[in-house]
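Trainee: Chain by chain, the residues:
Number of protein chains: 2
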Amino acid sequence: MRWAVLGTGQIAHDFTIAMLAAPKEQIVAVASRALERSKEFAEKHNVPKAYGSYDEALEDPEVDIVYVAAATSCHVQLACAALGKKKPVLVEKPAGVNAREVRQLLETAQKNDTFLMEGVWMHFFPVVRALSDAMKRGDIGDITSVHASFGWMNPVDVNPGVEDVTQGGGGLLAVGIYLIHLAMLAFNGAKPEKVEAVGELGPKGGDVRTSMVLGWSGGRQAMLAVSLRDNYAGSAVIYGTKAKISIPFPFLCPTSATVEPYDPKEMPTSISEGLPCAEATTNAAGELISNKFNLINSAGLAYEANRVAADVSQGKKENEHVSHELSLAVIEVMDKVREKIGLCYPADKY
Amino acid sequence: MRWAVLGTGQIAHDFTIAMLAAPKEQIVAVASRALERSKEFAEKHNVPKAYGSYDEALEDPEVDIVYVAAATSCHVQLACAALGKKKPVLVEKPAGVNAREVRQLLETAQKNDTFLMEGVWMHFFPVVRALSDAMKRGDIGDITSVHASFGWMNPVDVNPGVEDVTQGGGGLLAVGIYLIHLAMLAFNGAKPEKVEAVGELGPKGGDVRTSMVLGWSGGRQAMLAVSLRDNYAGSAVIYGTKAKISIPFPFLCPTSATVEPYDPKEMPTSISEGLPCAEATTNAAGELISNKFNLINSAGLAYEANRVAADVSQGKKENEHVSHELSLAVIEVMDKVREKIGLCYPADKY
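So the sequence lines, in the order shown, correspond to chains A and B. Each step along the first sequence adds one to the number in UniProt numbering, with nothing skipped, and position 259 is 259. Each step along the second sequence adds one to the number in UniProt numbering, with nothing skipped, and position 79 is 79.
Simulated from the structure, these hints should not be mistaken for laboratory data. Keep in mind it's a predicted model, so treat the numbers as computed, not measured. Incorrect hints may have been included.
Since the list can't tell identical chains apart, any single copy or any two copies may satisfy a pair.
[What the hints assert, rightly or not] Here are the computed lysine to any residue pairs in the SDA-like style, where the Cα-Cα straight-line distance is at most 25 Å:
#, residue 1, residue 2
1, 242, 156
2, 204, 217
3, 44, 56
4, 265, 153
5, 336, 218
6, 204, 132
7, 194, 314
8, 265, 306
9, 194, 219
10, 85, 218
11, 265, 166
12, 136, 270
13, 292, 320
14, 242, 329
15, 349, 99
16, 292, 133
17, 204, 141
18, 336, 100
The task is simple: from the sequences and hints, build the whole structure.
Mentor: Here's what the structure looks like:
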């Protein structure tokens, strides 16, 4: 498919590089609000067209599908504009900063009968799919608990946007979303009945350290923490009645995991699957792409893009793993967490 | 010193065996409400005197100090009775099931001007002391977060008391107390300002799975979970601004830990200290004691007993590491957690 990338930030770069490992996918256009930035991006990544406005990209008849990778605070507006042009949309997570925004987006997709998916790429890693299958088969027994964390020390002078509330920043929406997705994956999509949290807001208004406990029926629980101030382990454990799953760092884009049955007569199972080959791929200029990614394991964005392209080709309007219902359920949990920790976005006021 | 052990359960057994590695400490008497049980215990462990009532042990002028190791629901009553006889008291944790009980106990100790300590043995492990020193020296920087869990699958048909609310059971009071002590140790004894939790109560009324998040001033947080239904990792991580501390299973009675500075120019430090020699000690009958403990690393109870005996010999009325103030602060946190998860003890009604 022919993609337009809206935005020229770290994730837009990584997505574009990762596509080198997805031969059927082409980035045909990049757009931003500044033509200079788009041109620079296009030159660097050998993208044919650079636009100085998002609308131009959406009007381009050669664009089959749109990847929204601008600041979080612009996701809904850009995704809705694309859907209005009947362009299928992959919107980077979080799809919106609050449930109202996500609802508006989902309704726009439905109204336009056009494909929409939130880019929670975690779900498309082969290791995650294998773990999901193992859980559905009952290998783990009944899942009782999920423990996970992810944190890093954000260099706030270098990356102020990550925690800037006016850009939809903060640890919860940036990375906490994966913690909640993992727990909901383990509990087969069920919504938590209880949401408790403590959190700290940073100087730019976004949360910089948030610890959460979620409760589901039957005493099932998740204990999750995200930080922009600490190198939290970034690993996850899913406990079941028959076995536990350990996913090492980085659990949100994993290349390995272990299933350990409690019965000492049963052997542990290791699951692993390396990244797509983009890291060892050369770009049009003949340069090796290895080490060109901004973010860890970004080559795995190819898994997501391939799946989305296949869904669109098959005429689907949503993805089975990151359904509209799931996106909405997760943002509703995040709204509850934000209420607990006093985190507000400008969009909350509309 | 000459000790009387009140109670004949698993921990009373382990304490008595551990004393074989504390040559200055002697168990001179054991007491329970059933003379038969006391006699059996005394015979097994070569204890000179067996009493069929707790009062007899407290009246015994050859008893210098009392270890209260009966069911949790009896701790306050027995410890107060011993203090009333001016006997120094080491009371197994939790000292009481609620803050009211613990306050009553502390007041009784003060009124009788007699030594009292809650047996939170974790604090006396050399590894924990070394970590505490490292934190006080500033090796870890400012502590920001504590992540810890502990869980096991309680065979409820074998150990119903562990989760029986009428006996002061439940995961929070049985083991969750260590999670909170570790967090308060990391935050230098400060009380948390926020306490949030989700929990599940078992068929005997005690909590069988509890996840907590605690918040301190300045965005400091702890994320803690205890279970009687899951093999939670039982490890802990303390994150600071300069380094992190990892304490492997079992964090509550550790023989090793690692301090990892974030600065790659600084080397990680390993701290380790094996258990006292009781595991390889023979009892009076010449039998090897190794593998005789009911609970993990119980040989380390000798650290605690030695310290308590030294405190009492030096005329102290409380211990510096497990102060009366700390015991009260922790039970106040546990009261708040219980309120959140709807866990009540019979003693709450008085």
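Trainee: Look at each hint and say if it fits the structure.
Mentor: Going through the hints against the structure:
Taking the closest pair of Cα atoms, residue 242 and residue 156 come within 25 Å of each other only across two copies (17 Å); inside a single copy the shortest separation is 43 Å, beyond that limit. For a Cα distance limit of 25 Å, the shortest separation of residue 204 from residue 217 across copies, 19 Å, qualifies, whereas the shortest one inside one copy, 36 Å, does not. Only within a single protomer do residue 44 and residue 56 lie at most 25 Å apart by alpha-carbon distance; the minimum there is 20 Å, versus 87 Å between protomers. Taking CA atoms no more than 25 Å apart as the test, residue 265 paired with residue 153 passes between copies only; the shortest distance there is 18 Å, against 42 Å inside one copy.
When the C-alpha separation of residue 336 and residue 218 is checked against a cutoff of 25 Å, the pair qualifies both within a copy, at 21 Å, and between copies, at 22 Å. For a Cα distance limit of 25 Å, the shortest separation of residue 204 from residue 132 qualifies neither inside one copy, at 37 Å, nor across copies, at 34 Å. Proximity of residue 194 to residue 314 under the C-alpha cut-off of 25 Å is found in neither arrangement, the shortest distances being 38 Å within a copy and 50 Å between copies. Taking the shortest alpha-carbon separations for residue 265 and residue 306, neither the intra-copy value of 39 Å nor the inter-copy value of 42 Å comes in at or below 25 Å.
Taking identical chains as interchangeable, the C-alpha atoms of residue 194 and residue 219 lie at most 25 Å apart whether they share a chain (10 Å) or sit on different chains (22 Å). In this assembly of identical chains, the alpha carbons of residue 85 and residue 218 never lie at most 25 Å apart, being 45 Å within a copy and 47 Å across copies at closest. Taking the closest pair of Cα atoms, residue 265 and residue 166 never come within 25 Å of each other, the shortest separation being 55 Å inside a single copy and 37 Å across copies. Taking CA atoms no more than 25 Å apart as the test, residue 136 paired with residue 270 passes inside one copy only; the shortest distance there is 17 Å, against 41 Å between copies.
For a Cα distance limit of 25 Å, the shortest separation of residue 292 from residue 320 qualifies neither inside one copy, at 31 Å, nor across copies, at 54 Å. For the homomeric pair residue 242 and residue 329, neither the shortest alpha-carbon distance inside one copy (28 Å) nor that between copies (37 Å) is at most 25 Å. Taking CA atoms no more than 25 Å apart as the test, residue 349 paired with residue 99 passes inside one copy only; the shortest distance there is 13 Å, against 43 Å between copies. Proximity of residue 292 and residue 133 under a CA criterion of 25 Å is satisfied in neither setting, with 33 Å inside one chain copy and 43 Å between copies.
For the identical chains of this complex, residue 204 and residue 141 are inter-copy neighbours only, at 23 Å across copies versus 44 Å inside a copy, given an alpha-carbon limit of 25 Å. When the C-alpha separation of residue 336 and residue 100 is checked against a cutoff of 25 Å, the pair qualifies only within one copy, where the shortest distance is 13 Å, while the shortest distance between copies is 34 Å.
Violated hints for the displayed structure, listed by number in ascending order: 6, 7, 8, 10, 11, 13, 14 and 16.
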